[in-house]
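Engineer: Each chain is listed here by its residues.
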Amino acid sequence: MTQHSSTSSILEPVFLNKLERLAILAKNVKPGVSKGERKSLRKGSSVDFADYRDYVQGDDLRHVDWNIYGRLESLYIKLFEEREDLTLHLLIDASESMKFGTPQKIHMAQQLAAALGYIALSGHERVAIEAFSDDSVQRITPCRGRGSVRKLFSFIESITAQGGTELEKSGKQYLARNRSRGVVVLLTDFFDEVGFEGIVQRLALSQSEVHVLHILSPEELDPTLAGDLKLIDSETKAFAEISMSGPLMKEYKKNVDGFMSSVRSFCVARGVGYVPIPSNSSIDTTVLQLLRRGGMVQ
Amino acid sequence: MTALSSFLLAPQFLWFLLLIPVVVALYLLKLRRTEAVISSTMLWMKSLKDLTANAPFQRLRRNLLLLLQLIILILAIGALSRPFLKVEGMTGSHYCLVIDHSASMQTKEGNKTRLDLAKEKAIDLIDSLDSGDKVMVVAFAENAEVKIEMSDDTQRLRAAIRDIKPTDTRSNIRDVMMIAASLAPDNPDLPATIPDLQLILLSDGRLTDLDEVGARARDVTYHKIGEETFNVGIIGVRLRKNETDGAPAQTLVSVFNAHDEEIETTLTLYLNDSVIGVEEVSLNPQSTSDVVFEHPDFAEGVILVELDEEDALVLDNRAWMAIAPATTKKVLLVTEPNSSNAYYLKRALALNSEVELSEISPAAYQTTEQFELTIFDSYVPEVLPPGSSVFFNELPKLDGLVTTGSLESPPILSVERNHPVMRYLNPENVGITRTTTFSVPQGSKTLLTTRGSPLIADVSRDGRQLLVVGFNISESDWPLKLSFPIFVQNVVKWVPTRGTSHQQFIQAGTPIELLPDIERMDVRIETPTGETHAIRVEPSHPAYFGATSNVGIYSIGTGEEEYSVAANLTHAEESNIHPSDTLAFGRGTIKATQKPVRSTRELWPWFVLAALIVLQLEWWVYSRRAWI
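Those sequence lines, one after another, are chains A and B.
Note that the numbering used here has the first sequence beginning at 1, numbered continuously upward.
Note that the numbering used here has the second sequence beginning at 1, numbered continuously upward.
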């Protein structure tokens, strides 16, 4: 608990306390790198009895249930629950566009990453985190255990949003580097000229449980622009000259809704969890309600 | 500008087109956009694309607002410069606008008179002129008046048309035709004629002298003015005095109903402003009724007949008669009493009731100013009397009037029938035994000629009317012929009467004759409108006062006496205000043109309407615009 005070700059200690009651939910537990606190689908050598099976030659005789043998005169192997750890992959879109919004979308991404990372570390899970844009990747080596909270938090705090967005390329590179399966959480605004489908597709095929946290700022959801404007894209520097009007605004909102629902349906079709998160919503609500409801934490 | 003026009434406003660059500049300035960096333009681009994807004329739409603003500006300038369409194709470039301003043109058509309508139409025609077209404006009523000669100065033309004032007179188109004829190409007397002269007649078609125009009629475009028919008018009034003293006099009034329905109205007769008779009249449509008032006789005064009807033309609802006592001419006969000549002359003079005859023998004669006519028979005074004189068988002492001898049985060779004295005479059968032959001074007129000498000559001079008869009437059978009393009557009539006119009334527009006195006199005339005119009348030369275009009483004062002359419309053709659809000229019938009244149709209201619509469109586009 002493660590809390030192990490309170990104998350409130009170909130961290609440987080300790939560755990990352993984419906399909994927094999971890090391034994962890999580029941694995593989049967293993923990103390929790799971099942019996017939003895076959070569089985460890220590696992034979001699009591059964005594009664039935047949050899049965006693199976135990396998306990293994889970890697939480936190993929943060740190492109220039994430810097926008009040509060900034990157700030929300940082808070969410910190919260999820804290939950995972508290549950003795491995946490791998990477913030990427098209020209830079910020990462630390995967960490584990409560002792890594400070390291994780200070990394998260150091994340800066800059550069363009190439989600698919960045995702591909990440998957190549991190073969351990687990729960993948992608925090992004999906403002990618190439499209969102590539990275979602790739992550979905990685045999990990994938969650997409779609962070949009209130300015993007409900713009307050007015007059004749030359809108400049923060990343591509492309500009759009617009004269604000009712029909344009209507069309834009329609497009935002369409954008979000197309991401959602794409994700759902591939068994990817999708949670849209406005950047101005409180981290409390987001984690305790949105993510719970989205089946990410419990 | 002259080319533009063929379809623009105010082309000077086209200078406002210079505003177009200003609008463009303002538009460009206005479009400086505020720059705003946002996270991503991805969704905005998509929205723009969606909005403009199925919009036509995308290129155009970029500057649609500017385009609309320019269209509005151009439409506004278009409206200001007053474009017009020629509704009626007019050929030729010389027009003679003939505007009727006779009495019937004072008919009220709603709030305006027919003359107002005709003037408006004339100004419309002026506005429709092509550049280079020339117009002359002629106003006609009793007489025609050229208001402005051929001109292309539309300002002056309009002013000339506005200047036309109504008159109470009838309309004679004969003068107009003569003016037109003088400009026509078939006039050999004029070197410069106008081959394409077009007459445009603005009238109600009630012209009183159409039958007189005859072959002088030219091609006329006739625009019928007016529609009103409700009018009753006095078209004739006459006073009949009974010969026997004390018997009542009668005033006959002819009333015409121009309307298509029967009208009952009241006719009131006034003598010097007091009512002396009222009659109810029932008037059948399009017909004339005569009303007879019987009233006590009177010597002099002003009679007014008034119709009590508020109709479209009011000036024929009243007619006046100025009745003056019968005047007499004082005639002195200087002859041997009881001679046959005296007998014949007295018999002839006695036929005229106006003659107040005195007789004196030559021996007793003294020159006196008292008489208007002195007849000398075989006698010549030393000094000629100031009035008119007739000399029988003697020559007055005048320069150039010389006896040349005598002639037995002089034959009558020629008669000057145009002279007032010889009018209605047939003296060829007169037999004369002997005559004095004489030569006449220059400027004299020979009225009856025999071989080498006049028999009767007019040697008037110095304001005196002098007549010489070279033979003795008793030495001829003239007194026994019918021509003798007629000659004497002619002489009496020929001699000017001093003083009062016998005219009961004149028709408005015809001149008032001011008869000369023996001496020069200054006459002051007050018209019904209150204007006063002063006219000098020289002895023996009648003067004419022509400014009688208003009906009513003209008071004439000569200093010695005051009398009145009434001027009336009293014309059936003018009172019949039914506008005529055709004009029956000598050669044929001209129909009123069926072409639209306005020859130009101004288009500026359409321009304003279009500008308003485009303005609406611009606002709609502005509030909807969503393109880059």
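Keep in mind that the hints were calculated from the coordinates and are not lab data.
Do not rely on the hints blindly, as some may be mistaken.
Cβ-Cβ distance ranges computed for the label pairs, FRET-style [as the list claims (entries may be wrong)]:
1) B:V22 with A:S261: 44 to 52 Å
2) B:R33 with A:T102: 17 to 25 Å
3) B:R162 with A:M244: 54 to 62 Å
4) A:L225 with B:I613: 42 to 50 Å
5) B:E120 with A:L225: 53 to 61 Å
6) A:G258 with B:V608: 39 to 47 Å
7) B:A10 with A:G258: 54 to 62 Å
Where is the CB? At the ideal position from N, CA and C, for every residue including glycine.
Engineer: Under the constraints set out in the numbered hints, which ones does this structure not fulfil?
Structural biologist: As far as the earlier hints go, only 4 is violated by this structure.
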